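Asks: Make the full structure from the sequences, and use the hints.
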Amino acid sequence: MLDIKLIRTTPELVAQALRRRRSSLDIDLLLALDKQRREILFEAEGLKAKQNEVSRQIPALKKAGKDTTAIFAEMKAISDTIKDMDTKVSQIDLQMQELLLTIPNIPHESVPDGSDDTNNEEQRKVGAPRKFEFEPKAHWDLGESLGILDFATAAKIAGARFTVYKGAGARLERAIINFFLDTHTAQSGYTEVFPPFMVNRNSMTGTGQLPKFEEDAFRVANNDYFLIPTAEVPVTNMHRDEILDGAQLPICYCAYSACFRAEAGSAGRDTRGLIRQHQFNKVELVRFSRPEDSYDQLEELTANAEKVLQLLGLPYRVMLLCSGDMGFSSAKTYDLEVWMPSYGRYVEISSCSNFEDFQARRANIKFKDSQQDKAQFVHTLNGSGVAVGRTVAAILENYQNADGSINIPDVLIPYMGGMTTIPPSQN
RNA sequence: GGAGAGAUGGCUGAGCUGGUCUAAGGCGCACGAUUGGAAAUCGUGUGUGGGCUAAUACCCCACCGAGGGUUCGAAUCCCUCUCUCUCCGCCA
Numbered sequence: 104m105l106d107i108k109l110i111r112t113t114p115e116l117v118a119q120a121l122r123r124r125r126s127s128l129d130i131d132l133l134l135a136l137d138k139q140r141r142e143i144l145f146e147a148e149g150l151k152a153k154q155n156e157v158s159r160q161i162p163a164l165k166k167a168g169k170d171t172t173a174i175f176a177e178m179k180a181i182s183d184t185i186k187d188m189d190t191k192v193s194q195i196d197l198q199m200q201e202l203l204l205t206i207p208n209i210p211h212e213s214v215p216d217g218s219d220d221t222n223n224e225e226q227r228k229v230g231a232p233r234k235f236e237f238e239p240k241a242h243w244d245l246g247e248s249l250g251i252l253d254f255a256t257a258a259k260i261a262g263a264r265f266t267v268y269k270g271a272g273a274r275l276e277r278a279i280i281n282f283f284l285d286t287h288t289a290q291s292g293y294t295e296v297f298p299p300f301m302v303n304r305n306s307m308t309g310t311g312q313l314p315k316f317e318e319d320a321f322r323v324a325n326n327d328y329f330l331i332p333t334a335e336v337p338v339t340n341m342h343r344d345e346i347l348d349g350a351q352l353p354i355c356y357c358a359y360s361a362c363f364r365a366e367a368g369s370a371g372r373d374t375r376g377l378i379r380q381h382q383f384n385k386v387e388l389v390r391f392s393r394p395e396d397s398y399d400q401l402e403e404l405t406a407n408a409e410k411v412l413q414l415l416g417l418p419y420r421v422m423l424l425c426s427g428d429m430g431f432s433s434a435k436t437y438d439l440e441v442w443m444p445s446y447g448r449y450v451e452i453s454s455c456s457n458f459e460d461f462q463a464r465r466a467n468i469k470f471k472d473s474q475q476d477k478a479q480f481v482h483t484l485n486g487s488g489v490a491v492g493r494t495v496a497a498i499l500e501n502y503q504n505a506d507g508s509i510n511i512p513d514v515l516i517p518y519m520g521g522m523t524t525i526p527p528s529q530n
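In my numbering, each residue carries its 1-based index in the first sequence increased by 103.
These are computed hints drawn from the structure, not numbers from a lab. Here the structure is a predicted model, which is why all the values come from computation and not from measurement. Treat the hints with care, since some could be wrong.
Distance condition first, Cα-Cα at most 27 Å in a straight line; then the derived BS3-like pairs of lysine-lysine [claimed, not checked]:
hint, residue 1, residue 2
1, K165, K151
2, K234, K259
3, K234, K410
4, K138, K477
5, K138, K186
6, K228, K153
7, K259, K240
8, K108, K410
9, K228, K240
10, K165, K153
Restraint ranges, calculated between C-beta atoms of paired labels, are given here [stated by the list, open to error]:
hint, residue 1, residue 2, range
11, T374, P299, 29 to 39 Å
12, E318, A261, 17 to 27 Å
13, R304, S127, 21 to 31 Å
14, D319, T294, 21 to 31 Å
15, D399, A118, 27 to 37 Å
16, E402, D472, 20 to 30 Å
17, E236, D348, 34 to 44 Å
For glycine and all other residues, C-beta sits at the position ideal for the given N, C-alpha and C.
Replies: Printed below as a string of structure tokens:
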């Protein structure tokens with residue numbers, strides 16, 4: 104959510120940001136409502152001041168035995184007027200809130216202008232895609248023939264876009280989760296969090312998933328709970344409606360969670376394999392930062408996510424997203440893309456963003472350094488560290504052998520109980 | 001799921017027979033005085049949002065879990081909801 108004061112004082116700046124976003128939203132209505140609201144508020148507050156003043160005198164008048172019927176009649180009229188005005192103001196508030204919640208964040212000045220992913224800028228490429236002396240297979244074929252991924256059974260027990268992992272596959276998934284968490288907590292100073300996988304509506308609104316993107320989420324039918332699409336939601340909302348001590352910043356959390364996404368609107372895309380699932384595992388990195396530090400924090404956080412890919416020996420590249428391709432709440436985003444032989448291209452495996460005060464304003468997360476200071480909004484950041492299912496896919500494809508067996512990356516061997524390869528299929 | 005109790009400022013805790021509550025007292029915290037320095041003591045201050053502003057100055061408005069209602073006037077009375085605690089039942 105943007106600051107209404109910012110929109111009021113520099114409407115052109117906001118309008119320009121919306122153009123950069125390729126958004127057709129219009130802020131004129133919002134500005135008109137804001138003006139109207141302040142006019143009514145000014146009048147109503149004057150009446151309330153009078154009401155308070157008269158109320159203060161009533162006990163004395165009564166004590167003196169004065170007749171108060173005339174005053175009460177007059178005050179009744181004022182009271183009714185105030186109620187009307189309050190109703191009007193709260194209606195305008197509601198309307199403004201609705202509008203404000205649909206305005207995306209302002210892109211940072213370092214974000215390149217552009218309409219879609221073709222305008223994203225490659226920052227660096229790490230590791231080189233392997234040259235295969237044989238025809239590499241896709242992970243869904245490898246996984247099925249090795250008996251470690253079972254899409255048909257998942258379809259039976261749940262539906263499309265679910266996977267059953269078995270044997271070494273299930274263990275690999277678990278090994279990667281533990282490896283990610285251990286690496287982040289040990290090397291990068293994150294506090295591990297294990298959050299609820301369902302959250303309430305306020306939390307989903309706080310981080311920007313609601314109200315605009317309700318169709319992307321799974322909602323629990325009999326409660327107003329939502330299955331989390333990412334651990335970003337519960338973890339960022341841990342500090343909702345709090346004023347943090349500035350000395351504690353930055354606060355860094357990493358959290359494993361299952362993630363649930365309806366994938367509305369992506370029918371027919373990535374239908375095979377682990378790439379696009381209704382449920383997947385992810386380790387998420389979340390930071391709460393001082394405003395002046397947040398872009399340094401973004402670089403650090405991105406480096407933390409890159410680190411696990413480097414340790415796994417997976418080739419990847421870092422993309423700076425352009426203004427038209429960024430997520431709704433983000434001011435600046437780097438995507439990490441891992442090399443996926445079956446796709447013959449790089450595929451997103453992590454998205455690292457600085458939201459500046461956009462989420463903090465929605466979720467009301469502030470900090471101050473001392474009693475004298477005025478509380479100000481923190482900056483929030485998060486990034487996948489990284490998506491687990493896609494990591495499994497990348498490992499299967501990049502570490503496959505001609506006979507269909509899979510080498511286990513060195514760093515994962517301890518997590519696999521010493522297993523160095525997933526042996527080829529027996530059948 | 002059943003029965004009961006409760007939710008007040010950073011914490012504790014009064015108020016809850018509606019009107020100096022414009023929220024007492026205590027603790028904590030900040031600043032100052034005192035001191036060689038500290039403790040103790042004394043003094044002053046101590047939240048959030050909004051309006052007005054050059055202003056994080058003054059002034060005004062709102063906020064006693066959330067949302068409604070009654071009233072000239074609500075922390076206080078009424079209704080709904082949420083959460084917490086105690087007991088019972090069920091349960092991994």
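Asks: Does each hint hold? Answer for all of them.
Replies: Results for each hint:
Straight-line distance between C-alpha atoms of K165 and K151 comes to about 21 Å, which keeps the hinted pair within the 27 Å bound. Between K234 and K259, the direct Cα distance comes to roughly 37 Å. Violation of the 27 Å bound is thereby established for this hinted pair. At most 27 Å may separate the alpha-carbon atoms for a hinted pair to count; K234 and K410 meet this at roughly 23 Å. As the CA atoms of K138 and K477 are separated by approximately 26 Å, the hinted pair is consistent with the 27 Å bound.
Of the supplied pair hints, the one linking K138 and K186 holds, its CA atoms being roughly 20 Å apart against a limit of 27 Å. With a C-alpha separation of about 68 Å, the suggested pairing of K228 with K153 is violated against the 27 Å cut-off. Between K259 and K240, the direct Cα distance comes to roughly 25 Å. Compliance with the 27 Å bound is thereby established for this hinted pair. In summary, the hint linking K108 to K410 is not supported, as the alpha carbons are separated by about 40 Å, beyond the 27 Å threshold.
With a C-alpha separation of about 23 Å, the suggested pairing of K228 with K240 holds against the 27 Å cut-off. Our distance criterion of 27 Å between C-alpha atoms is met by K165 and K153, whose separation comes to about 19 Å. Here the CB-CB span from T374 to P299 is close to 30 Å, well matched to the stated 29 to 39 Å. The beta-carbon spacing between E318 and A261, approximately 20 Å, falls within the hinted interval of 17 to 27 Å.
Under the hint 21 to 31 Å, the C-beta atoms of R304 and S127, about 27 Å apart, fit the expected range. For the pair D319 and T294, the supplied restraint of 21 to 31 Å holds, since their beta-carbon distance comes to about 28 Å. A C-beta distance of roughly 30 Å is found between D399 and A118, which places it inside the suggested range of 27 to 37 Å. Distance hint for E402 and D472: a CB-CB separation of about 24 Å, consistent with the stated range 20 to 30 Å.
The supplied range of 34 to 44 Å is broken by E236 and D348, whose beta-carbon atoms lie about 58 Å from each other.
Going through the hint list in order, the structure does not satisfy hints 2, 6, 8, 17.
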